[in-house]
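Q: So the protein sequences, as listed, match chains W and Z.
FYI, the numbering for the first sequence is 1 to 343, going by full-length UniProt numbering.
FYI, the numbering for the second sequence is 1 to 343, going by full-length UniProt numbering.
Derived by calculation from the structure, the hints in this document are not laboratory data.
Just so you know, not all the hints are guaranteed correct.
As the list claims (entries may be wrong) - A short, non-exhaustive set of chain W residues, derived as facing chain Z with CB atoms under 7 Å:
{"#": "1", "residue": "38"}
{"#": "2", "residue": "41"}
{"#": "3", "residue": "93"}
{"#": "4", "residue": "97"}
{"#": "5", "residue": "101"}
Stated by the list, open to error - Every beta carbon over 12 Å from chain W, so not counted as near; a handful from chain Z, in silico:
{"#": "6", "residue": "23"}
{"#": "7", "residue": "115"}
{"#": "8", "residue": "178"}
{"#": "9", "residue": "186"}
{"#": "10", "residue": "214"}
{"#": "11", "residue": "270"}
{"#": "12", "residue": "271"}
Bear in mind that the values here come from a model prediction, so they are computed numbers and not experimental data.
Where is the CB? At the ideal position from N, CA and C, for every residue including glycine.
Protein chains: 2
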Amino acid sequence: MLIDGLQCGHFTRDVFTELRQANVAAVTVTCGFWEGTVESLDSLARWRDLVAANSDLVAIATTAADIEAAAAAGRTAIVLGFQNANLFEGRIRFVELFAELGVRVIQLTYNNQNELAGSCYEETDSGLARFGREVIREMNRAGMLVDLSHVGNRSTLDAIDCSDKPVAVTHANPDSLFTHKRNKTDDVLKALAGKGGVLGCATYRNITGDHYSSSLQSWCEMVARTVDLMGIDHVAIGTDRSHNFTKPDYDWMRMGRWTRGVDYGAASAASPGKAPPPSWFTQVHHLGLLPDGLRGVGFKPNEVEKITSGNWLRLYGEVFADGRPAQAATPGFVQSDPVLALS
Amino acid sequence: MLIDGLQCGHFTRDVFTELRQANVAAVTVTCGFWEGTVESLDSLARWRDLVAANSDLVAIATTAADIEAAAAAGRTAIVLGFQNANLFEGRIRFVELFAELGVRVIQLTYNNQNELAGSCYEETDSGLARFGREVIREMNRAGMLVDLSHVGNRSTLDAIDCSDKPVAVTHANPDSLFTHKRNKTDDVLKALAGKGGVLGCATYRNITGDHYSSSLQSWCEMVARTVDLMGIDHVAIGTDRSHNFTKPDYDWMRMGRWTRGVDYGAASAASPGKAPPPSWFTQVHHLGLLPDGLRGVGFKPNEVEKITSGNWLRLYGEVFADGRPAQAATPGFVQSDPVLALS
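Only chain W is shown next, with the shape it has when bound in the complex:
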């Protein structure tokens, strides 16, 4: 059983088939980067259609129990996430509404400062802003996981402190192992672990560097050093792998609608294109090699289990637990039989 805390891209039946092949129990997917409310609802609707059309392979999950049920039924659970808070369009009350529509993971901001927080790419990180505090409290209440991956270090520390529930950095690596604006400094990672949070180690070459990308063993050694920093209960996998992305997709990711110029995101002017995946992870199903790789660098079976699924499952369980706002306003909303239970 394997959980990937963050993937992007255009998912297809082929991707789902490979995820099954690798025994992936759950993936948190990226439903949007810059999209506002209506476009985000469009994205959720497209995901529903995609999952419905591939219901033999995947199922949308909104609780940790859903993920376990999907795994038992031989399906990969899809956890719906957004890498930005634009879906709220500044409205605190939309947190509850999107939670009810199944969204479970939201990054406070993507590459730019917004009304919630500072970004890792801004010259000055403002720290958590007023709306950011409101949204974190509301996400706590609504059972959504706060993702701080692209958030600036100062805002990240503020958010860890502000949140009543543990939070996540779903896709990044330690800055002390590979220096990059997208990676997290040791003090941030320790604060994250101190509040029960989880880091998803990324395989994305731009934030992993050539050394730790060079072989499965090398990447697993990065994970081992991260565990030394944070402890075995706080390190997991968040590959940041993008499926079927082409230049227009990367352009949207990096430039959205916010610049007439060029922005390279985690890439650079010297190497602006798509970063090649690590040679050991050219196919989605290579994810299935990770347990062996982790055993190969000395992790015991129960440690491998925590890194590859247990830590995400524990965190999802703690955060998604209520599943629904405490002040649920639609008391008798009838649930049809869960799709998973029918399998």
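Given the coordinates of chain W, work out where chain Z should sit on it, guided by the hints.
A: Positioned in the frame of chain W, the structure of chain Z alone reads:
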């Protein structure tokens, strides 16, 4: 027990208190006239806040069982409705999303033709348009009631025919009793009844006329003549009463953003302002007089019960029954304990 199939306006604690005083078990409220997706979500969010702040008096209901539970607990159930389809912004997939957020009644169009249907005020009623057919099928699937009150007669007939489930004219009167574009011709009312639908008789003076507004007995006689037309199982109450509306509210209702000119809606240039309520219905709690009034014109107790609540309850039960799309995409979405069950 009393159900009002359509009210508008700004609801307040005073209104809720009067509804309790009149033993009103449920009201379908108007969450929007011209609002698009985001504004409609804003409206739903405001309704949640309003209900949460008055949870001793009201509760949002999404099933007929919710209404009965609310009545048993001494609360008035709020059924969330919209008098226009603008909330979908042309997206078929948003029907399911709004259903999941608790919306249960939607009028295909308000005073103007839209992408779904023709309106009662257009010179030519196109009949049901292609998107209208799609939306009706989707509303059938999602457990939402199709409201045809302001819809043109031709489109209304098409919609009655198109819908697999019975539909409603939540607030109108027979055109043969008071001639008005907003009222429905006998053929429409018979077709509506023939498919198991329900007409909510309105008290709104502009579409009731002075004669049937002149006394409670007179209004109840209009109901009796409507029952003669449609049968006892197909006539109910839909007052169309507006709470706390002032000129800017009526301007929004009538002109929205669609004209730089003046439109009078159901009023007229000769009498453009707010129509005074019938003298016997100046206060909300006067709703409580209706059962006695109906008995006074000769209805038997079981007939009074059908008109005042049973017919809506039966229709809501048939249409809202599934409550949730058949292809529910968020299988394990955890429900907290129903508020009603705690009371």
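Q: Is it correct that the beta-carbon of residue 115 of chain Z has no partner in chain W closer than or equal to 12 Å?
A: 16 Å, holds
Q: Checking the smallest CB distance to chain W, is residue 214 of chain Z really beyond 12 Å?
A: It holds; residue 214 of chain Z is separated from chain W by about 40 Å at its closest Cβ, greater than 12 Å.
Q: For residue 270 of chain Z, which was marked as not at the interface, is the minimum beta-carbon distance to chain W over 12 Å?
A: 41 Å, holds
Q: Measuring from the C-beta of residue 97 of chain W to each C-beta in chain Z, is the shortest one below 7 Å?
A: 6 Å, holds
Q: Using 7 Å as the Cβ threshold, decide whether residue 101 of chain W counts as touching chain Z.
A: It holds, given that the least Cβ distance between residue 101 of chain W and chain Z is near 6 Å, below 7 Å.
Q: A closest beta-carbon separation below 7 Å is what the hint needs, so does residue 93 of chain W meet it against chain Z?
A: 3 Å, holds
Q: Non-interface claim for residue 271 of chain Z: all C-beta distances to chain W beyond 12 Å?
A: Check passes; 39 Å lies beyond 12 Å.
Q: Is the claim that residue 186 of chain Z lies outside the interface with chain W correct, judged by CB distances over 12 Å?
A: 36 Å, holds
Q: Looking at residue 23 of chain Z again, its CB stays over 12 Å from all of chain W?
A: At about 20 Å from chain W, residue 23 of chain Z clears the 12 Å cut-off, so the statement holds.
Q: Evaluate the condition: distance from the CB of residue 178 of chain Z to the nearest CB of chain W exceeds 12 Å.
A: Check passes; 37 Å lies beyond 12 Å.
Q: Going by Cβ atoms only, is residue 41 of chain W closer than 7 Å to chain Z?
A: Residue 41 of chain W check passes; min Cβ-Cβ to chain Z is 6 Å, inside 7 Å.
Q: Does residue 38 of chain W meet its interface restraint, that is, does its C-beta lie within less than 7 Å of any C-beta in chain Z?
A: OK, holds: residue 38 of chain W within 7 Å of chain Z, min 5 Å.
Checked against the numbered hints listed earlier, the structure breaks none of them; every hint is satisfied.
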